[in-house]
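In case you want the letters, here they are:
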Amino acid sequence: MGIVSAIVFIPFITAVAVVLTPAQKSRFIRWIAAFGTGFHLILSAVLTWQYWHLAGPDLEFMKSALSSKLYFVEQIPWFTSLGIQYFVGVDGISVAMIILTSIVIFTGVMASWNVEERSKEFFALLLVLVTGVFGVFVSFDLFLFFVFYELAVLPMYLLIGVWGTGPKEYSAMKLTLMLMAGSALILVGFLALYHAAGMQTFALTELAKVQYSTGFQNWVFPMIFVGFGVLGALYPFHTWSPDGHSSAPTAVSMLHAGVLMKLGGYGALRMGIYLLPEGAKFWAMFFMALTTVNILYGAFGAVMQKDLKYFTAYSSVSHCGFVLFGLVTLNLLGMKGAVIQMFSHGIMTALFFALIGMVYGRTHTRIIQEMGGLARVMPWLATSFYIAGLASLGLPGLSGFIAESHVFLGGFFGNKWHNPVGMRLLTILATMSIVVTAVYVLRGLAQVFQGPITNPEFENLTDATVSEKIGTGILVLTLAVAGLLPWYLIDLIEGSLMPFVNRLQ
Amino acid sequence: MFMLPELIIVLTAFVVLLLDLFFAEEQKKILPVLALIGVLIAMGNVIFWMPEQGVVFGGRFVFDSLGAWFKLIFLAASGATILLSWDRLVGKVSDAGSRLEHPGEFYSILLFTLSGMMFLISARDLVTLYVSLELATIPLFVLVAWKRENAFSGEAGLKYVILGILSSAVLIYGLGILYALGGSMVLEEIGKNLSPSPAFWLATALIVAGIGFKLALVPFHMWAADVYQGAPTPITAHLSVASKSAGLALMFLLFFRVLGPAVSEWNGFLAILATITMTLGNGVAIVQQNIKRFMAFSSISQAGYLIMGFIGPFPEGMPAMIFYLLAYLFTNLLVFAVIVFYANETGAEAISDYRGLSRTNPLMALAMMIGLFSLAGIPPLSGFVGKFFLFSVASKAGLHWLVAVAAVNSTVSLYYYLRIVRQMYIEPAEENAVRLPVSPVLASTVGLTLLGTVLVGILPGFYENIAQSVAAAEWWSIGR
Numbered sequence: 001m002g003i004v005s006a007i008v009f010i011p012f013i014t015a016v017a018v019v020l021t022p023a024q025k026s027r028f029i030r031w032i033a034a035f036g037t038g039f040h041l042i043l044s045a046v047l048t049w050q051y052w053h054l055a056g057p058d059l060e061f062m063k064s065a066l067s068s069k070l071y072f073v074e075q076i077p078w079f080t081s082l083g084i085q086y087f088v089g090v091d092g093i094s095v096a097m098i099i100l101t102s103i104v105i106f107t108g109v110m111a112s113w114n115v116e117e118r119s120k121e122f123f124a125l126l127l128v129l130v131t132g133v134f135g136v137f138v139s140f141d142l143f144l145f146f147v148f149y150e151l152a153v154l155p156m157y158l159l160i161g162v163w164g165t166g167p168k169e170y171s172a173m174k175l176t177l178m179l180m181a182g183s184a185l186i187l188v189g190f191l192a193l194y195h196a197a198g199m200q201t202f203a204l205t206e207l208a209k210v211q212y213s214t215g216f217q218n219w220v221f222p223m224i225f226v227g228f229g230v231l232g233a234l235y236p237f238h239t240w241s242p243d244g245h246s247s248a249p250t251a252v253s254m255l256h257a258g259v260l261m262k263l264g265g266y267g268a269l270r271m272g273i274y275l276l277p278e279g280a281k282f283w284a285m286f287f288m289a290l291t292t293v294n295i296l297y298g299a300f301g302a303v304m305q306k307d308l309k310y311f312t313a314y315s316s317v318s319h320c321g322f323v324l325f326g327l328v329t330l331n332l333l334g335m336k337g338a339v340i341q342m343f344s345h346g347i348m349t350a351l352f353f354a355l356i357g358m359v360y361g362r363t364h365t366r367i368i369q370e371m372g373g374l375a376r377v378m379p380w381l382a383t384s385f386y387i388a389g390l391a392s393l394g395l396p397g398l399s400g401f402i403a404e405s406h407v408f409l410g411g412f413f414g415n416k417w418h419n420p421v422g423m424r425l426l427t428i429l430a431t432m433s434i435v436v437t438a439v440y441v442l443r444g445l446a447q448v449f450q451g452p453i454t455n456p457e458f459e460n461l462t463d464a465t466v467s468e469k470i471g472t473g474i475l476v477l478t479l480a481v482a483g484l485l486p487w488y489l490i491d492l493i494e495g496s497l498m499p500f501v502n503r504l505q
Numbered sequence: 001m002f003m004l005p006e007l008i009i010v011l012t013a014f015v016v017l018l019l020d021l022f023f024a025e026e027q028k029k030i031l032p033v034l035a036l037i038g039v040l041i042a043m044g045n046v047i048f049w050m051p052e053q054g055v056v057f058g059g060r061f062v063f064d065s066l067g068a069w070f071k072l073i074f075l076a077a078s079g080a081t082i083l084l085s086w087d088r089l090v091g092k093v094s095d096a097g098s099r100l101e102h103p104g105e106f107y108s109i110l111l112f113t114l115s116g117m118m119f120l121i122s123a124r125d126l127v128t129l130y131v132s133l134e135l136a137t138i139p140l141f142v143l144v145a146w147k148r149e150n151a152f153s154g155e156a157g158l159k160y161v162i163l164g165i166l167s168s169a170v171l172i173y174g175l176g177i178l179y180a181l182g183g184s185m186v187l188e189e190i191g192k193n194l195s196p197s198p199a200f201w202l203a204t205a206l207i208v209a210g211i212g213f214k215l216a217l218v219p220f221h222m223w224a225a226d227v228y229q230g231a232p233t234p235i236t237a238h239l240s241v242a243s244k245s246a247g248l249a250l251m252f253l254l255f256f257r258v259l260g261p262a263v264s265e266w267n268g269f270l271a272i273l274a275t276i277t278m279t280l281g282n283g284v285a286i287v288q289q290n291i292k293r294f295m296a297f298s299s300i301s302q303a304g305y306l307i308m309g310f311i312g313p314f315p316e317g318m319p320a321m322i323f324y325l326l327a328y329l330f331t332n333l334l335v336f337a338v339i340v341f342y343a344n345e346t347g348a349e350a351i352s353d354y355r356g357l358s359r360t361n362p363l364m365a366l367a368m369m370i371g372l373f374s375l376a377g378i379p380p381l382s383g384f385v386g387k388f389f390l391f392s393v394a395s396k397a398g399l400h401w402l403v404a405v406a407a408v409n410s411t412v413s414l415y416y417y418l419r420i421v422r423q424m425y426i427e428p429a430e431e432n433a434v435r436l437p438v439s440p441v442l443a444s445t446v447g448l449t450l451l452g453t454v455l456v457g458i459l460p461g462f463y464e465n466i467a468q469s470v471a472a473a474e475w476w477s478i479g480r
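First to last, the protein sequences are chains A and B.
Each residue of the first sequence is one higher than the one before, starting from 1 at the first, in this note's numbering.
Each residue of the second sequence is one higher than the one before, starting from 1 at the first, in this note's numbering.
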């Protein structure tokens with residue numbers, strides 16, 4: 001078993017270990033989960049280190065390459081007569097996403113340290129879900145990709161339905177059905193790609209060599225882009241997101257907003273733009289307009305929210321809009337911005353949801369108006385919250401700034417296939433959202449943390465516990481490192497993004 | 001010689017019937033063991049002969065590896081039915097209403113219908129085909145009405161008899177016209193002599209209607225819900241798996257060995273039939289409250305997916321269809337095993353009765369959930385892999401809209417399967433709910449079918465072997 005398979009299956013093995021532990025030993029179960037995900041985090045660091053050394057020398061060559069170069073490839077035949085194989089490997093984008101997921105799941109386990117109700121099933125499902133996520137990021141066979149993709153989506157139903165709050169059954173059902181409807185579109189697209197190629201293989205590397213006809217690309221691209229867009233919260237298919245995120249328990253919101261929504265952007269990039277460049281060019285302007293609505297709608301929606309979780313969920317819709325917006329600019333700068341935004345928003349929103357969970361666990365309310373002056377009693381949580389908020393409005397020095405500036409510059413420079421005036425107008429509109437973001441973030445945070453303590457019951461609340469400090473500390477640190485030393489992240493993904501751009505030419 | 005598996009089954013049926021006469025009530029507990037041994041020996045025999053081909057009775061009966069796969073499916077489904085009905089027939093159930101009488105007759109009748117199905121797939125002329133079809137169907141009428149004193153069971157039996165006979169009549173009328181047109185009893189001879197004409201299309205329409213009844217395709221599905229609900233639960237399982245497989249075997253024989261010349265013109269028609277079948281089955285399943293009726297509509301929609309295997313140039317869709325049948329066999333029986341377990345202990349059949357099962361019997365709830373997810377087509381379970389291959393057949397034929405419809409239907413089906421998952425996992429248990437005991441027979445049935453549900457999709461061997469069998473089977477060239 002190579003390192004990439006280990007990356008995929010260690011969470012699964014941990015899940016099995018959790019299942020085999022008697023349910024009474026809930027402390028022990030937590031430790032297994034923490035140990036498994038902690039080990040995974042180390043393994044991801046090792047993978048990144050090794051990738052760095054292998055891929056560094058190839059950077060020059062990638063500038064003109066037409067196909068992604070993969071590292072740590074493992075290929076095992078599966079259903080040979082149909083050309084299905086177990087085909088995993090990584091490129092720079094995958095590595096960045098693996099680091100993100102490793103960090104979020106580890107901190108997610110830290111944030112769920114207090115889950116008492118059926119903790120065994122909770123951790124097992126969480127780990128199965130994350131197995132699917134890792135699988136998606138490393139799969140280069142369309143069948144395998146789809147298997148992992150659905151595996152990542154379905155446990156959400158139970159995680160929200162059983163451990164959620166509020167209208168949890170409604171939210172869980174809505175989320176599951178909308179995402180599955182999205183994957184129905186993806187399935188149509190994948191099968192069409194397979195049969196149109198006529199090569200009896202589902203391997204992405206082989207299908208990339210095929211020149212699909214323009215007419216074919218023009219109808220398959222929107223299928224795949226919208227199919228993944230549902231998970232990436234593309235307007236108007238984002239409606240599952242606010243309900244789902246606000247009903248989900250803390251670790252699930254973190255994982256869902258932080259990582260799962262990135263599967264949408266990742267799939268749209270890897271499958272849509274990579275395999276169907278002509279289709280991407282044909283539809284780019286349309287989707288750019290749609291994602292501009294996304295960004296603005298999410299931002300204005302967040303202004304109106306009274307509940308902290310809804311507030312963050314709408315802000316996620318807006319920020320995930322940046323990811324899709326960056327992708328359809330179809331130039332290197334924009335796509336780079338999109339991938340950095342996936343990483344940055346993943347960490348940022350995980351931090352947000354973790355903190356909301358911690359505050360809610362103390363105050364037992366999420367209504368912004370009912371809170372006030374909490375910074376006095378919980379300085380650690382307040383500081384972390386501010387850092388997350390500032391990253392979210394794009395303050396230089398934190399990762400959000402790097403991502404958003406790339407996306408906006410990409411949109412402003414445009415590409416040679418589309419009307420530059422239109423692209424610039426859309427970009428300017430999208431940029432407006434930064435102002436709106438500043439309004440809602442600063443106003444919300446001020447209400448919750450500043451001023452005198454409004455409710456006498458809040459006087460006795462405590463600050464973060466050790467496990468909470470570890471979780472939030474790692475996330476804050478990542479935000480700062482990605483913001484202050486962004487070139488590491490950029491170097492990691494830039495070489496792998498070149499082929500995407502070259503194929504469009 | 002190549003008829004040995006069928007003969008073993010018939011012999012076992014007679015042995016069981018005779019021993020039933022001489023056994024005391026206490027000794028009758030050994031009858032299911034005998035029946036099961038017979039099925040297992042026949043299964044071993046079929047597997048042993050699998051790669052070979054053999055002709056008996058001057059070509060009226062043919063053993064080939066493709067037919068062998070069908071026979072294995074029939075045998076496995078009937079074996080599972082024996083296991084499912086075991087506790088009910090030997091009186092080891094808590095719920096008095098679930099008890100079944102007369103084990104000897106029950107098992108011998110079950111084995112007779114099994115032998116009919118096995119003869120059916122090997123039949124190569126009209127008379128053998130029709131006689132084995134009736135041998136497979138008529139015993140089922142009796143089994144459905146096994147609980148005579150129960151009004152639902154009696155009504156189900158009556159409905160099934162009338163509609164079953166009607167559909168057989170329609171079918172035999174179609175076969176009669178084919179005989180007149182083709183001038184022969186041998187299937188492939190008829191096929192060679194046929195050319196599209198009004199009489200030919202009339203025959204085709206009659207045959208499709210006849211098969212539609214057997215498979216419960218919309219609009220010939222009306223009987224399914226009442227019969228499924230009224231029949232004893234193990235027999236419902238048998239109807240939904242074994243009987244459906246036999247219907248597909250019949251469709252397979254008639255479509256590809258007889259009606260071949262027009263095969264390419266059917267794509268659109270079959271696609272529409274598949275669409276309305278799966279859509280209506282799914283749509284009606286959403287509002288069901290009784291779990292057996294619910295499974296009836298679920299299996300109607302599954303038949304809609306299955307006939308997608310007949311689309312496209314022959315025999316490309318066959319491996320996918322047989323593979324899905326195999327996956328469906330394990331999956332559906334897994335779900336029914338849990339339903340039987342729950343009904344044995346509590347007699348409950350309403351979906352809302354399953355509330356809190358995950359707290360009282362977590363393993364059974366988990367098995368049920370895996371079965372339901374496989375039916376809905378969630379990876380990496382076998383139901384997903386099978387559906388993926390079937391959808392691929394439609395996609396290859398260029399029917400992308402059908403793939404979209406089928407995939408959206410899977411999403412809809414997920415909604416109603418999740419209704420049960422919700423009852424089991426999200427709803428709290430009743431105040432006084434206790435852990436229900438699981439009998440060893442049912443526990444092993446659940447274990448075996450669960451293993452099948454998971455492994456068939458992951459191990460590539462099953463699909464590859466089926467694909468090879470299809471490629472190796474002898475076809476006279478039609479529609480290629």
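It is worth saying that the hints were derived from the structure and are not from the lab.
It is possible that part of the hints are untrue.
[Claimed, not checked] If you want the footprint, here are the derived chain A segments under chain B, 3+ residues with CB under 8 angstroms: (1) 142 to 156; (2) 201 to 211.
[Claimed, not checked] Restraint ranges, calculated between C-beta atoms of paired labels, are given here: (3) A/Ser67 x B/Glu316: 47 to 57 angstroms; (4) A/Val210 x B/Ile458: 55 to 65 angstroms; (5) A/Val73 x B/Ile458: 18 to 28 angstroms; (6) A/Arg27 x B/Glu316: 52 to 62 angstroms; (7) A/Thr165 x B/Ile286: 18 to 28 angstroms; (8) A/Gln75 x B/Lys29: 45 to 55 angstroms; (9) B/Arg435 x A/Arg27: 24 to 34 angstroms.
[To be verified] Some residues of chain A that are not near chain B, with every Cβ distance over 10 angstroms (derived): (10) Pro57; (11) Lys63; (12) Glu169; (13) Asn218; (14) Val377; (15) Ala464; (16) Leu504.
We put the CB at the ideal spot given by N, CA and C, even for glycine.
Hint check:
Check on the stretch 142 to 156 of chain A: 7 of its residues sit with their Cβ under 8 angstroms from a Cβ of chain B, so the three-residue criterion for coverage holds. Look at the stretch 201 to 211 of chain A against chain B: 0 of its residues bring a Cβ nearer than 8 angstroms to a Cβ of that chain, fewer than three, so the hint is violated. Remark: the range hint 47 to 57 angstroms for A/Ser67 to B/Glu316 is contradicted by a beta-carbon distance near 30 angstroms. Look at A/Val210 against B/Ile458: about 29 angstroms separates their beta carbons, and that is not inside 55 to 65 angstroms.
Checked against the given bound of 18 to 28 angstroms, the beta carbons of A/Val73 and B/Ile458, roughly 21 angstroms apart, stay inside it. One distance hint, 52 to 62 angstroms for the beta-carbon pair A/Arg27 and B/Glu316, holds here, with the actual separation near 56 angstroms. At about 27 angstroms, the CB distance of A/Thr165 to B/Ile286 agrees with the hint of 18 to 28 angstroms. Against the hinted window of 45 to 55 angstroms, the Cβ-Cβ separation of A/Gln75 and B/Lys29 comes to about 54 angstroms, which satisfies the hint.
At about 25 angstroms, the beta-carbon gap between B/Arg435 and A/Arg27 stays in the expected band of 24 to 34 angstroms. With a closest Cβ-Cβ approach of about 37 angstroms to chain B, A/Pro57 is found to remain outside the 10 angstroms limit, as its non-interface label requires. The beta carbon of A/Lys63 is kept farther than 10 angstroms from every beta carbon of chain B, the shortest such distance being approximately 37 angstroms. The claim that A/Glu169 lies off the interface is violated: its Cβ sits roughly 6 angstroms from the closest Cβ of chain B, which falls inside the 10 angstroms cut-off.
Annotated as non-interface, A/Asn218 keeps its C-beta farther than 10 angstroms from every C-beta of chain B; the closest such distance is 14 angstroms. Every C-beta of chain B lies more than 10 angstroms from that of A/Val377, the closest at about 35 angstroms, which supports listing it as non-interface. For A/Ala464, the shortest C-beta to C-beta distance to chain B comes to about 31 angstroms, beyond the 10 angstroms cut-off, and the non-interface label holds. Every CB of chain B lies more than 10 angstroms from the CB of A/Leu504, the least distance being 25 angstroms, so the non-interface label holds.
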